[in-house]
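Each of the two chains sits in its own frame; use the hints to bring them together as a complex.
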Amino acid sequence: MTIKTVKDAINDALVQSFEEDKNVILMGEDIAGGKGREQYQGTQDAWGGPFGVTQGLYTKFGGERVRDTTIAEAGFFGAAIGAAMTGLRPIVELMYVDFAGVCFDQMMNQAAKVRYMFGGKQKVPMVVRTVVGAGFRAGSEHSQTLYSLYTHIPGLKVVAPYDAYDAKGLLLSSIKDDDPVIFMEHKRLYMTSCEVPDDLKPIPIGKGRIRREGTDVTIIAIQRMNLFAEEAADELEKINISCEIVDPRTYSPLDEELIFQSVKKTGKVIVVDESNPKCSLASEISSLISEKCFSDLKAAVIKITAPHTPVPFSPPMEDFYIPSTKKIIDAVKKLKDV
Amino acid sequence: MIEKEKINWIYKKIFTIRFFEERIKKIAKEKTVPGYLHTCIGSEAICVGVMAALNQDDWISSTYRNHGHAIAKGCELNEITSEIYGRKTGICKGRGGSMHISDFSKGMLGSFGIVAAGPAVVLGAALQEKINKSNKTCVSFFGDGAIHNGAFHEAAGLAKLWDIPMIFVCENNGYAEATATDWHLNTKELSDITKAYDMLSYIGDGNNVFEVYDITKKAINEAKQKNTPIFLEFKNYRFSGQYEGDTQLYQPQEEIDKAKQNDPIKLAKENSSKYGLNKNDLEKIINEAKEEVDKAFDFADTQPWPQPEDALEEVYVNYPVEINR
Numbered sequence: 203m204t205i206k207t208v209k210d211a212i213n214d215a216l217v218q219s220f221e222e223d224k225n226v227i228l229m230g231e232d233i234a235g236g237k238g239r240e241q242y243q244g245t246q247d248a249w250g251g252p253f254g255v256t257q258g259l260y261t262k263f264g265g266e267r268v269r270d271t272t273i274a275e276a277g278f279f280g281a282a283i284g285a286a287m288t289g290l291r292p293i294v295e296l297m298y299v300d301f302a303g304v305c306f307d308q309m310m311n312q313a314a315k316v317r318y319m320f321g322g323k324q325k326v327p328m329v330v331r332t333v334v335g336a337g338f339r340a341g342s343e344h345s346q347t348l349y350s351l352y353t354h355i356p357g358l359k360v361v362a363p364y365d366a367y368d369a370k371g372l373l374l375s376s377i378k379d380d381d382p383v384i385f386m387e388h389k390r391l392y393m394t395s396c397e398v399p400d401d402l403k404p405i406p407i408g409k410g411r412i413r414r415e416g417t418d419v420t421i422i423a424i425q426r427m428n429l430f431a432e433e434a435a436d437e438l439e440k441i442n443i444s445c446e447i448v449d450p451r452t453y454s455p456l457d458e459e460l461i462f463q464s465v466k467k468t469g470k471v472i473v474v475d476e477s478n479p480k481c482s483l484a485s486e487i488s489s490l491i492s493e494k495c496f497s498d499l500k501a502a503v504i505k506i507t508a509p510h511t512p513v514p515f516s517p518p519m520e521d522f523y524i525p526s527t528k529k530i531i532d533a534v535k536k537l538k539d540v
Numbered sequence: 024m025i026e027k028e029k030i031n032w033i034y035k036k037i038f039t040i041r042f043f044e045e046r047i048k049k050i051a052k053e054k055t056v057p058g059y060l061h062t063c064i065g066s067e068a069i070c071v072g073v074m075a076a077l078n079q080d081d082w083i084s085s086t087y088r089n090h091g092h093a094i095a096k097g098c099e100l101n102e103i104t105s106e107i108y109g110r111k112t113g114i115c116k117g118r119g120g121s122m123h124i125s126d127f128s129k130g131m132l133g134s135f136g137i138v139a140a141g142p143a144v145v146l147g148a149a150l151q152e153k154i155n156k157s158n159k160t161c162v163s164f165f166g167d168g169a170i171h172n173g174a175f176h177e178a179a180g181l182a183k184l185w186d187i188p189m190i191f192v193c194e195n196n197g198y199a200e201a202t203a204t205d206w207h208l209n210t211k212e213l214s215d216i217t218k219a220y221d222m223l224s225y226i227g228d229g230n231n232v233f234e235v236y237d238i239t240k241k242a243i244n245e246a247k248q249k250n251t252p253i254f255l256e257f258k259n260y261r262f263s264g265q266y267e268g269d270t271q272l273y274q275p276q277e278e279i280d281k282a283k284q285n286d287p288i289k290l291a292k293e294n295s296s297k298y299g300l301n302k303n304d305l306e307k308i309i310n311e312a313k314e315e316v317d318k319a320f321d322f323a324d325t326q327p328w329p330q331p332e333d334a335l336e337e338v339y340v341n342y343p344v345e346i347n348r
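Chains Y and E, in that order, are what the protein sequence lines are.
If you're matching positions, the first sequence starts at 203 in the numbering used here and goes up one per residue.
If you're matching positions, the second sequence starts at 24 in the numbering used here and goes up one per residue.
The following block holds chain E by itself, in its conformation from the complex (with noise of 0.2 angstroms):
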């Protein structure tokens, strides 16, 4: 049974992600944003669902396509906002970007644009949590085109070798960028991979946030009790192109109008009754995300540029000669 606080807030964060996409999709297409942006229309119950399942303070990492982990595990949307704008009170002080999204003071250790760089940074966060003897539970997420990638399998290796109870999450969401994962995997299920590691594995319909919570939560007990890794794969599919501004022509109509059935907002509004909300507990709900997403583009666009020279700090702790020479 999960408490209504917990019901409400994943609802909340679900809404808000997807209108926070919606949102800056629809901005990128009106006017310029800078850079490059990945959204995640798709993932939303899998960024909710594991972070429901996660403390404040509990490490992650994320990757490019990260705005919806940023805001599921507590990043300000002020601050999300602005630094896609490339603002000086962006998260990142403008330095980061939309695809560097990443707020370590929440436990974030970082949002990479390197596919599989994520896993073998938690990794060493979890060696840390074990030699401290400190508890904190350490979620790496990637998709599923990270999979082929040397990175994640030496940390997979290290982390089932060292004993180290981390959580690999897979979000399968059916294409690397513009490969489908059905050509690209040589395994029948994407989480065969984890057999060569003899790491415990669960796959779950990453659509549906409740279910995405009760494997997390499961496999973070499980992981802690044995003293082992565990890889979770969720499946869900991403209607998002790989980036804003993707013609998506690999992605079939007819496949994306199947998937649209298992949309997981769709699924979040059709179970609501189940969780004890109403139609006017939802409403309001969708209401506040509404109005923070609001709010949040609101502040941004108010937001001063950094200045220039800004660029020369903060690249070393200490640094004894000019940066700029």
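Just chain Y, same shape as in the assembly (with noise of 0.2 angstroms):
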């Protein structure tokens, strides 16, 4: 066992699925850094990405597998596509997830649809790998989610791990997956370590994860929200409310069955997402529970969400944004005097 960082949890995935295939390539702006100055010492692999998780992939595997691109994600994801189909495995970078404007055409109109519009004929073996979230004081264009922009695209598959050991285990499976897949690293959970078994071998996309057993209230925690579901369900446990958290990990698919087991066991649900409440991935699972388990709640379904705003810059304010372990707390005790 060793404890890692989901920084280095992915950065070793990535380096594993390297080594394992040799089709496997990466195209990015600065995944490397240093482009252009090879002949300065010091200056390859300067970067590794603006987080530096990809660092040290362009010295051990050159240039020809691992491609500082322009800033042209339409041009590089278009090309990621084509190099899917064609044979290779590409992985991509997008910056951050709200760039996702720039290149949604190539995700939405043809990663997602060469193989259904054109007769299953046709497979797209690619990984977008992206940064979400808020509480980086990075502003509106720097800090969304947007877990449901892709969830809803039928033909993607949407990854969200929370810690070290899922991003791990999870971006070996989306590197080995024959669909695309979206693969969202939350910015403030990078730094965040776990055990991670060297040998761990690649988690299923779809399953999700129980993180703690509990009999009174289920919460429904995604990415970074398993850490406030965690902390309140630490604080809650002190006066004797037992909270089951559930991580579905994935969303698209998603882990519907383990959802409902939880919900039939405790009767009472919230759901906690940082992204905006409208057609989130809140609103999408709570949807789930009152068709299917409706004669099995004992209250109406909590969201606690980010409001229908922009992510605000200012600390006061980014954090009134985020939802909080104080929030989850409140909504847990009124759902338990029900």
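Derived by calculation from the structure, the hints in this document are not laboratory data.
Heads up, none of these hints are tricks.
Straight-line distance between alpha carbons at most 30 angstroms, and here's what the computed DSSO-like set of lysine-lysine pairs gives: (1) E:K183 - Y:K262; (2) E:K153 - Y:K237; (3) E:K156 - Y:K224; (4) Y:K323 - E:K153; (5) E:K247 - Y:K224; (6) E:K29 - Y:K323; (7) E:K247 - Y:K237; (8) E:K249 - Y:K262; (9) E:K318 - Y:K323; (10) Y:K323 - E:K111; (11) Y:K325 - E:K153; (12) Y:K325 - E:K247; (13) Y:K378 - E:K156; (14) E:K240 - E:K218; (15) Y:K224 - E:K159; (16) Y:K262 - E:K159; (17) Y:K325 - E:K129; (18) E:K111 - Y:K325; (19) Y:K237 - E:K249; (20) E:K247 - Y:K323.
See the structure below:
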């Protein structure tokens, strides 16, 4: 067992995938950094992406497979699709998910649809690694989560790991997957760590995880919200309220059965999602529960989300924007009394 | 000197495409064909001339105006027709329709409804060829309207930067939907836009199938030799409207009349003796093409509709939960 950060676990999964399959390539903006200054010592692999996640890959595997791109997401996302169709397993980095708009056509209309629309003859085994999340004082255009944007599109798979264990296991399986996968990494989780076995096997896409067993209330937490759910559960345990935490981990496909089992057990549900509330994962999960588990519910599902605003910059406002441990505790207490 | 077999192939394909498009236009007028139809009357020489320079397993991308590319690339006529009719035995199992006629097994990466989606996808296929040290030719077809779209420019920039020997084929047919090309261009020649990428480009007569073939063949060799992308602009005229049912009020009659003098089929016929085909040879090819088109439409008429639930298939390679939730 080794303690790993999410950032290192992702780097490990990339290195392992590169070693296992020569068809794996990586494309993105400054995924190495220092391109064009190779003649100077120490410039190579200067960045490894803005968060240093891909650092070392260029040095280890070379510029043919680790390709720094121009700031042209539509261009290299489209290229990933063509490369995937013809035999490679490209991983492309969308530096921030907030940049989805400049290459959404490639994901929505091409990557997601070519298999279906052209009669099932093609597959597009590509992974989009992207950075999501508020809490970095990064303002409205570098802080969104946008989980539901991609989850909405048939043909795409969406994965959003919380800890280093899941990050490594799910990235390994995303790269092996034959469908296009959006792999979302939360910038506030990169430096969090947990035990990750060196020989960790790929974790199947579509399987959620019970992070804590409990009997009174189910908290369904999306990505970073697991942190607050854990904190809330610890507090509530002190006053003898037992919370079950469900981390769906992947949103398309979604492990509905795991959610329903927990709902049947507690009958009281809170969904915590850092995204804006309209047409969010929180609203999707809440609607599924009311459709499939209505008779098991002892109270209406409570959704805790960000408000219907862009992500604000200033710390007091951004902290207000992000769902909090306190909001979860308050909601659980409210449900407990039902 | 072009071999006899290739000349016959070129003539057969160019007539097949014209007859096919005339037939589908007629049918669309007489009875209902589901969905949108974008025919390529006037583009036959570009479709056939470029494809004559390719192998069956070379990669291409097409657009919603794809019937000619698909026919020239070797897709089955029966399957194309069934697809346009929305039948189960269509080339895309009825899930694509006229705008998305594409057969991956014939080297088609896709026929995209989004203008300028193709160049970047072909760039990726060409990148794969480069990384795997394979040598398939990679060609993206698009119209003059696509050259203003960012995705085209992003693909062009990366192709040049990465030394990717792909071929950009722009069919400059005079119209971007209902907007005249001479109005929407900012440069004197369309291919001048490649100057920003220091990319080689050549302009050819898109009505002359042998000129298209010749330019394309040379470009492929040059691109591979120099490890560089090449942009080809073929000028022609879009006799079809943007779509079937288009009033084409924006296309002046005198312009159409003038363009008819350079109709690619007319030119091909006029040139036939130069390429060693006598009147009988030509007639034989024309009859064969007609017959094959007739057979394909008869075939499509008899084909079954898909089951409604077939809509749920092949969204993913593998999806562990039921798709229709």
